[in-house]
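Below, each chain spelled out in residue letters.
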Amino acid sequence: MDFLPTDDQQALQAAIRGLLERRLPLDRLDAGFDPGLWRELATTGVFQLRQPADSGGLGLGMAEAVLVFEELGRACVPGPLVASHLAAGHSPGPVTLLDPASRPWIVSHLECSVGLLILDDAGPRLASVATVRAAALPAPLDPLSPVHEIVDLPLGDLLGGAELSERWRREAATLTAALQVGLASRMTDLAVGYAGQRQQFGRVIGSFQAVKHICADMLVRVELARAALHAAAVALDEPDHPGQRRAVAGAKLLADEAANCNGRACVQVHGGMGFTWEVPVHFFLKRAWLHATEHGDAAEHAAALGDLL
Amino acid sequence: MDLRYTPAEERFRSELGDWLSAAVPGLPAKPAADDWAGRRAYDTAWQRRLFDAGYAGIDWPREYGGRGASPTEHLIFLEECARAGAPYVGVNFVGLLHAGPTLMAAASDRQRRAHLPRILRGDEVWCQGFSEPEAGSDLAAVTTRAVRDGADYVVTGQKMWTSFAIVADFCELLVRTDPTAAKHRGLSWLILPMDTPGIEIRPLRTVLGSSEFSQLFLDGVRIPVANLVGAENDGWQVTMLTLSFERGTAWVDQIVDSIEMLRELAALNRAAGNAPDIRSELGHLAAEFDALWALTKRSVSEAARTGIPGGSASVLKLRYTEARQRLMDLAARILGPASLSRDDVGGLPSRRFVEERINSLSYTIAAGSSQIQRNIIGERILGLPRER
Chain A
863 MDFLPTDDQQ ALQAAIRGLL ERRLPLDRLD AGFDPGLWRE LATTGVFQLR
913 QPADSGGLGL GMAEAVLVFE ELGRACVPGP LVASHLAAGH SPGPVTLLDP
963 ASRPWIVSHL ECSVGLLILD DAGPRLASVA TVRAAALPAP LDPLSPVHEI
1013 VDLPLGDLLG GAELSERWRR EAATLTAALQ VGLASRMTDL AVGYAGQRQQ
1063 FGRVIGSFQA VKHICADMLV RVELARAALH AAAVALDEPD HPGQRRAVAG
1113 AKLLADEAAN CNGRACVQVH GGMGFTWEVP VHFFLKRAWL HATEHGDAAE
1163 HAAALGDLL
Chain B
50 MDLRYTPAEE RFRSELGDWL SAAVPGLPAK PAADDWAGRR AYDTAWQRRL
100 FDAGYAGIDW PREYGGRGAS PTEHLIFLEE CARAGAPYVG VNFVGLLHAG
150 PTLMAAASDR QRRAHLPRIL RGDEVWCQGF SEPEAGSDLA AVTTRAVRDG
200 ADYVVTGQKM WTSFAIVADF CELLVRTDPT AAKHRGLSWL ILPMDTPGIE
250 IRPLRTVLGS SEFSQLFLDG VRIPVANLVG AENDGWQVTM LTLSFERGTA
300 WVDQIVDSIE MLRELAALNR AAGNAPDIRS ELGHLAAEFD ALWALTKRSV
350 SEAARTGIPG GSASVLKLRY TEARQRLMDL AARILGPASL SRDDVGGLPS
400 RRFVEERINS LSYTIAAGSS QIQRNIIGER ILGLPRER
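Residue numbers (this note's numbering), protein chains in the order written: chain A, 863 to 1171; chain B, 50 to 437.
Treat the hints as calculated values from the structure; they're not laboratory data. Note that this is a predicted model, so its numbers are computed, not measured. Here a beta-carbon is modelled for each residue, glycine too, at the ideal position from N, C-alpha and C. You may find that some hints are simply not true.
Stated by the list, open to error - So these bits of chain A aren't anywhere near chain B, every CB distance computed over 12 Å:
1) Gly898
2) Leu899
3) Gly951
4) Ser953
5) Ser964
6) Asp983
7) Val991
8) Pro1002
9) Pro1016
10) Phe1070
11) Arg1088
12) Lys1114
13) Pro1142
Stated by the list, open to error - Quick partial rundown of chain B residues pointing at chain A, CB under 7 Å, derived from the structure:
14) Leu311
15) Ala340
16) Leu344
17) Lys346
18) Arg429
19) Leu433
Claimed, not checked - Have a look at the derived ranges for each label pair, beta carbon to beta carbon:
20) A/Ile968 / B/Pro398: 20 to 30 Å
21) A/Leu888 / B/Ala82: 50 to 60 Å
22) A/Asp1102 / B/Pro398: 26 to 36 Å
So that you can see chain A by itself, here it is in the shape it has in the complex (with noise of 0.2 Å):
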């Protein structure tokens, strides 16, 4: 046992890391879904990576497709990355996703996607966005991830199974875990620099342990759900592994709440400031209440656990 990433999972995370802050600073993150970094994200293979390398893929497991989406969801990239991800075998562009099990029928992203891959319980089943009749909802919550309501769902190609279904589900709610870990600790980092440096009553409001201690359990969340969204990767990866899906609920619902809570935390810690737009924060926090609501949200997982016990 060594729970560990390996160095080479290691590198693999820093050259993400150092692409992301080279590419997506903070003040460039309002501009939106960028074709030309979502061209480079899938050079470097992010959408690939776990194709056989036989097919141009690079052969990779969960345990690195992980660590990679924490550093998507960190440098909050707008677009549909868990779906172009899991659908990177039958669409070489964008793709997007609708669990039609969950009303209304509402996708982020359908403007910059060629794909609609739809989670039907009987097998996934991909279409082309041409089919697709949709609404634009002219207020999204999140200004970086533009919505749609679907009207009318096309047919598409039927992928797989019921089988793939289930497994892209655990694959899809893993995935979108590790963005929520990755934007929960973007925010503790946001929220521990600023404490760092602002200034009240002559002192770094963060000596001050009320506010101290709110950014200790940033970290707290951090790490709990980090761990528990390891532990589901590394699930994955075995594929008969019993506990993959009492490891996969745990890790989106730890991985949720530490988005959340610690989004809150974020603007808290920001006072006043952090109402503003001007101060990114908000963009962090929106974008982990859309993921909170796809694949499961934090009650439905808990309320699946319970039965698990």
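Fit chain B to the supplied structure of chain A, relying on the hints for placement.
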């Protein structure tokens, strides 16, 4: 990033499992909380059996009589003991987890030879004399004075929260040897034989109603200078070393136990109509404890790679202790009126949960309160400045 065990680790687990399944079922009933003579006999007899089977001091180096096992084998040992319901360290806690490792790291050869083999065999029980009425979270504020007189220190003062004092042979004692130095600089770490004249032990009745701790009154107690561990006035460094051994794997027993309790409570809830809010809260706690277990494995992996458990100890302690308290509150909800009895009632297992509900109040206070842990995380991990 791998949670699978090697064939050698699996072999170790299965041999240990075989031994435990033979040894544990025949154990006598556990003595009552206030039967200290009985508790000492019970815990030290178990320690002796571990010793005879080659499992004592699993993580201690071979040169000190331990098994020299890897951090992962140590984790497997703690996990299997918890699953088998084997006794935990009990009265051997301070000797095995504090004093022993401290002696290995900081004591003279003579001191090590005198104590380590006896601690390992269960022949020698230790207690801890660190805290004082005015030195709790602010441990470096200890005022118990040790004045040099010839070949002895003459020690006067009062210690609090001394676990196992009633049955201990020795005490790890933190004293002030230089009252003129800055508070962290004038302390020393001494070995106090508990049969020395001038020691008065007053049991301290806790909220459990029993006396888990004592107060120690020291009046002109003569301790040979030869019992100094580490350098004079370097006791703070030695103490930090002592406390560092408590981290990382300290909660394995209870995390494994909590995951088992969740199964038991889910069955009780199902039998009582499967209230959905309780079921969800059980699920939520399952996520917490599974994650704490994963975090423990991360900490053990860090120890295996670097020799130190890393920064997760405070994170684990803070989150585990709060989760355990939530678990006990939930257990009380599931037990309903049966939670009013500290003995089993109405066919429900009240005893175990109600005792632990009371006992767990101490977890967020002992060994560095939750507030101190948050300071440690805020200052040492996040790099925020100290208050003032």
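Practice problem: Identify every previously stated hint that the structure contradicts and give their numbers, smallest first. | Solution: 10, 11, 12, 18, 20
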